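Protein chains: 4
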Amino acid sequence: MKAIIVKPPNAGVQITDVNEKEVDNYGKVKIRTLYNGICGTDREIVNGKLTLSTLPKGKNFLVLGHEAIGVVEEPCCGFSQGELVMPVNRRGCGVCRNCLVGRPDFCETGGFGEAGIHNMDGFMREEWYDDPKYLVRIPKALEDIGILAQPLADIEKSIEEIFEVQKRIPVWTCEDGTLNCRKALIVGTGPIGILFTLLFRTYGLEVWMANRREPTEVEQTVLEETHTNYFNSANGYEKLKDSAGKFDVIIDATGADAGLLTNVLPLLARNGILGLFGFSVSGSASMDFKALQEIVHANKVLIGLVNGQKPHFQQAVIHLASWKTLYPKTAKNLITRTISIENEREVLKVLKEKEHGEIKIRIIW
Amino acid sequence: MKAIIVKPPNAGVQITDVNEKEVDNYGKVKIRTLYNGICGTDREIVNGKLTLSTLPKGKNFLVLGHEAIGVVEEPCCGFSQGELVMPVNRRGCGVCRNCLVGRPDFCETGGFGEAGIHNMDGFMREEWYDDPKYLVRIPKALEDIGILAQPLADIEKSIEEIFEVQKRIPVWTCEDGTLNCRKALIVGTGPIGILFTLLFRTYGLEVWMANRREPTEVEQTVLEETHTNYFNSANGYEKLKDSAGKFDVIIDATGADAGLLTNVLPLLARNGILGLFGFSVSGSASMDFKALQEIVHANKVLIGLVNGQKPHFQQAVIHLASWKTLYPKTAKNLITRTISIENEREVLKVLKEKEHGEIKIRIIW
Amino acid sequence: MKAIIVKPPNAGVQITDVNEKEVDNYGKVKIRTLYNGICGTDREIVNGKLTLSTLPKGKNFLVLGHEAIGVVEEPCCGFSQGELVMPVNRRGCGVCRNCLVGRPDFCETGGFGEAGIHNMDGFMREEWYDDPKYLVRIPKALEDIGILAQPLADIEKSIEEIFEVQKRIPVWTCEDGTLNCRKALIVGTGPIGILFTLLFRTYGLEVWMANRREPTEVEQTVLEETHTNYFNSANGYEKLKDSAGKFDVIIDATGADAGLLTNVLPLLARNGILGLFGFSVSGSASMDFKALQEIVHANKVLIGLVNGQKPHFQQAVIHLASWKTLYPKTAKNLITRTISIENEREVLKVLKEKEHGEIKIRIIW
Amino acid sequence: MKAIIVKPPNAGVQITDVNEKEVDNYGKVKIRTLYNGICGTDREIVNGKLTLSTLPKGKNFLVLGHEAIGVVEEPCCGFSQGELVMPVNRRGCGVCRNCLVGRPDFCETGGFGEAGIHNMDGFMREEWYDDPKYLVRIPKALEDIGILAQPLADIEKSIEEIFEVQKRIPVWTCEDGTLNCRKALIVGTGPIGILFTLLFRTYGLEVWMANRREPTEVEQTVLEETHTNYFNSANGYEKLKDSAGKFDVIIDATGADAGLLTNVLPLLARNGILGLFGFSVSGSASMDFKALQEIVHANKVLIGLVNGQKPHFQQAVIHLASWKTLYPKTAKNLITRTISIENEREVLKVLKEKEHGEIKIRIIW
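Chains as they are written, first to last, in the UniProt record's numbering: chain A, 1 to 365; chain B, 1 to 365; chain C, 1 to 365; chain D, 1 to 365.
Hint data in this document are derived by calculation from the structure and do not stem from the laboratory. Incorrect hints may have been included.
Note that identical chains are pooled: a pair holds if it fits in a single copy or bridges any two copies.
Calculated pairs, SDA-like style, for lysine to any residue (alpha carbon to alpha carbon, straight line, at most 20 Å) [said to hold, decoys possible]:
| hint | residue 1 | residue 2 |
| --- | --- | --- |
| 1 | Lys7 | Thr51 |
| 2 | Lys290 | Val264 |
| 3 | Lys332 | Ala141 |
| 4 | Lys167 | Glu214 |
| 5 | Lys133 | Gln220 |
| 6 | Lys290 | Leu50 |
| 7 | Lys140 | Thr325 |
| 8 | Lys49 | Ala141 |
| 9 | Lys290 | Gly259 |
None of the values given here were measured: they were computed from a predicted structure.
Using the sequences provided together with the hints, build the complete structure.
Put into structure tokens, the structure is as follows:
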């Protein structure tokens, strides 16, 4: 069986034949892979930079891939032949109470596995077997953009958690009972930044996206179709405060320098929440005693946001379906390229580095 | 200005010219009516049967209509010319804390108004002026089925409240973190029953619809497209328990005889919740001491469900948008007829009685 | 070992010697019984009226008793010799998610056991062995009234659940952020009614107690010390509505005729909740269609309330401790009699029938 | 009328006569002051170091004092003559939704006042008039330690908010449904640290207190009576991790150097929450990119905690009452000194600097 394999902690990636008996399978539902999505985490593994990536126990390679859509090959366990399914990528430790209730995003032991990343083979291979518990149905009508349900699930969980945390405030809703008066700032305009923007807009918040440059043409389309504001932060964030005021929610979706936190914290409004999504790769955030005083005085929260689970995948499917109606141009723009697995050279190339203008690249099997 | 007027508590309905100065307006945004939806409540008023329907203070007629889509005529207050909007129909008492936070669905004083029903003129008229606070944007792509956002808002609120109430249970989610293992029984297959079905399916529950007959062709389409079960209750509910077991949620969406409650209560599972939606018009529910014991033993809840507010209208828009993608046949079937306001004879006819096969009828202006 | 045993479903009770190997034990902590409380459920078992009472599997008798305080005999498992402990009486099915997270009060399978009642031997015996997981520490300073922590735990859970359910309302708190403007009606003035009263007062609600007679002297003390109102319902509830208005919370703590529900439902305010606690033993509640309409119109809830678990026992300990300071006369009055296990005739007598003026009777070992 | 006045931003404090017409009053209930508590904030104002302290509008002095117990002088507005009351110190902006529902702790405008600190005269004076809305009843049985209800209210709100935030986690409770398996670290052993300890113990968490020295004798009593652990952090926190593991909750109650945050963050467990209470007065907290990664990976939260409101004062009363029973030695030790207002020299002295061994000092009028 053809598969894309890596050997963390070493850099490198291969498309090769693997023995079906040598790779992990997780259940009885036989699934033939249709699409894989590629994300930054895949590239970090390929480039030997993701220290938390580990081989499955007792093996010397790891099948890459945590974003996948497959087709059920044989009727089994409540699934019909031909149904499209997406696997949930993080799977529980089997011990802690959060994992026992299907929520390894809050695993307490750290003993979870992550397909294609950590301790478990992923889905960049011709086929795999899985447990219905970890399979999410993808409607045929979403075959085109459904691969986004995986990254979007992480955003769904993040925003759900933010809303849960804000229930600490007696009244966080607006005078009309909605969230329309709340303002969110999304720093970073990659796929994660765009998905945060789309989902906060869906929940009714006013949104600003920020990056250290003018928006691209595709970003411009998103901004217009979703009535989102944009801020070029090349010269710092001072002017944003002047024009937009402070923000009820700020998301750092850059995965860049930790110092960003220091810069955007002064933009956080009373009772506000600042979410960290993705992993800073350099630098240091500094908060002097006055910044801490302000956090206390004004009931502010900083929170780490990570990993969506099956309920979030299912919400992601609903939201993607709604966006095809509400934001059709944006929906079309999100998949910037589809490459056949036969085109090995290109597949390996995009696994190593990001393309110009890329939002989401799919491999088709 | 042409308007459809009624004179509760008297039966009767007229299409007539009204003086613009004699009808209620609510703000500065000028809106020209595009569509009105007709629902059972309108017919109860027309037939003189809705005792709670009252004239606006000091007036001798009431403009009918609480389901409407209009187009903004002049840019104002954050709205652009040409935008489609839907008015929120229930408006607060201005006094209690729930109304002050935009949630007159939980008004404590009972001093709220309901456009076209109670104390406030409705929207079956050429145009009206409104306050942005009560206007919900309807995307152009939803012009076809958007009128359903009003009844769906009531369902959105109902299911939100049910989920809130079930948070009393430490773990109500399934082993995979979703609600896929939870079963809902919807009694009644009118527009309300169908919207409950669609929304519970969207949230992942397994659903049974029930009525005292075989499903119609349209209902059959809904059942197939949404993977919903059906039960013919003509011979009672005993057999349903045998085939489907007990239900975590039961909704009485019949607005029929109160005695239904007595019949379906034994189908409620441990920790279950039985929601009453709409208003029984006859009969009596009886619960003997053993039925009450069972409610206590097994943590059961009975709850009255009523009225969605602006946040629920906005959720309804998102869900309608998703259903166009996920359930396209069903979405198409929901509007069973559109009648021009010029066709006065037919408009008056459908205002008096329900059509065979009707789900939702629209008037177009 | 001396024990009080019953043989459900047969009536009868004996104080007798049992072989230590023939009775259930649950763990490693050796506990010598100090006190048992007697409650109505014990008497129903003794009188052969509690159909749900069953023998432990494979046995021909059941050790009675679900209210107990014991002393740890030997240091074990985090407990010191001499510590006072109370066992949690309901224990989980071991299968469902609620039982796995320590909350068999919401058991989904019904497979739980209840010590001294259903499938498990109770604690009216000289000593037993238990699992730390099911043991609640009772401070020495509460030795006098600590036995009330068991029944109070049920009330703690009930009020906690009521507060959880009322979170469905955007703002249920008063203009000063408290619950001081909320009114509760407690029907029934037995130990359960009194504990509900004390706990609702502790949470700041205004409380009315009701019974079909004038208050006793002890009740009068409770009313005065806790600033609680009283209503004699011998002539119906009409006059209560006139004097006190409607209630945000109503508790049926009578365990009497189901028809009470019909009578008190009209007293429930908008957004109100009516809790059923204990088990009606006769009659039938009737709600005609207008009563159901009112439930819907005004967002009302009926809820069954049952069984507190370990977190509720711990809250009960805190509240009992506070009442010794805040309501010292009431606290003293709650234990109306303590009978030595040596006085077998009296023990058997109070196990068969309620004493005049009884609130809580203890057996001392 | 005698009063203790200050003139922020200038240092200094005087006991002097003030004209009753020149000081702020807030309602109709006439209250004669019995006790005032002194806290660190008072001393910061007296020493001219609290920049946020401001004079009431149009005045040239501020009556100090935000901790007070008074006696109602004349029956009024639901209060009887002779009742003890405590005023709520922070009062709403009158504009935002949180203030409208009695929760100025989450004021969105920042337009609130704080008696004795900011924009409003305080309660270190012979008498004042107040609004029932802002008065909390203090039972006679709590006259001795009731003054602690004000600082404790802040802790009540803080822990309530922490528990609200942790509801983001599907299951945060332990296998027995309690919080007994959760561990809290309280850094700082002043009155705030002690009150945090007592309240977390009351809620069942295992607690460690930490300070850069061995515990005092009084602290030793608290530790023993409440079964709390202690850690001497003079040599850093490394050894604490070795002996106690990581903490689910960490509270910085030092009000000292911001750098503490950097030191204790590595002690925070998965899904943990770190609360900042009080105001750092120097230094800077630094979090490098790896610390931020860990916050994201492990769902961690940092939160600012401030100000309790009337519901929290009422909870504080209940908890103080319970501690008199549960922790009698600790309760007795909390008020370390009571000074008569006649003893002006000593009053002024303790307003300027903290006494050795002080927990809470009261002025008696």
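Item to check | Intra- versus inter-subunit Cα pairing at 20 Å for Lys49 with Ala141 | outcome: Intra 37 Å, inter 45 Å, cutoff 20 Å: neither.
Next on the checklist: With identical chains, the pair Lys290 and Val264 could be close in the same copy or across copies; at 20 Å between alpha carbons, which is it: within, between, both, or neither?
Outcome noted: both (15 Å within a copy, 19 Å between copies)
Item to check | Within, between, both or neither: Lys167, Glu214 at alpha-carbon 20 Å | outcome: Cα proximity of Lys167 and Glu214: none, with 36 Å in one copy and 39 Å across.
Checklist entry - What label fits Lys7 with Thr51 when the C-alpha limit is 20 Å: within, between, both, or neither? => result Cα proximity of Lys7 and Thr51: one copy only (12 Å, versus 58 Å across).
Item to check | 20 Å Cα threshold - placement of Thr325 relative to Lys140 | outcome: Classified as both; 15 Å inside a copy, 10 Å across copies.
Item to check | Alpha-carbon proximity context of Lys290 and Leu50, limit 20 Å | outcome: between (35 Å within a copy, 13 Å between copies)
Checklist entry - Using 20 Å as the alpha-carbon threshold, which applies to Lys290 and Gly259: within, between, both, or neither? => result both (17 Å within a copy, 12 Å between copies)
Next on the checklist: If the cut is 20 Å between Cα atoms, do Lys133 and Gln220 qualify within a copy, between copies, both or neither?
Outcome noted: neither (39 Å within a copy, 29 Å between copies)
Checklist entry - Is it within a copy, between copies, both, or neither that the alpha carbon of Lys332 lies no farther than 20 Å from that of Ala141? => result Answer is both; intra-copy 13 Å and inter-copy 16 Å each pass.
The earlier numbered hints that this structure contradicts are 4, 5, 8.
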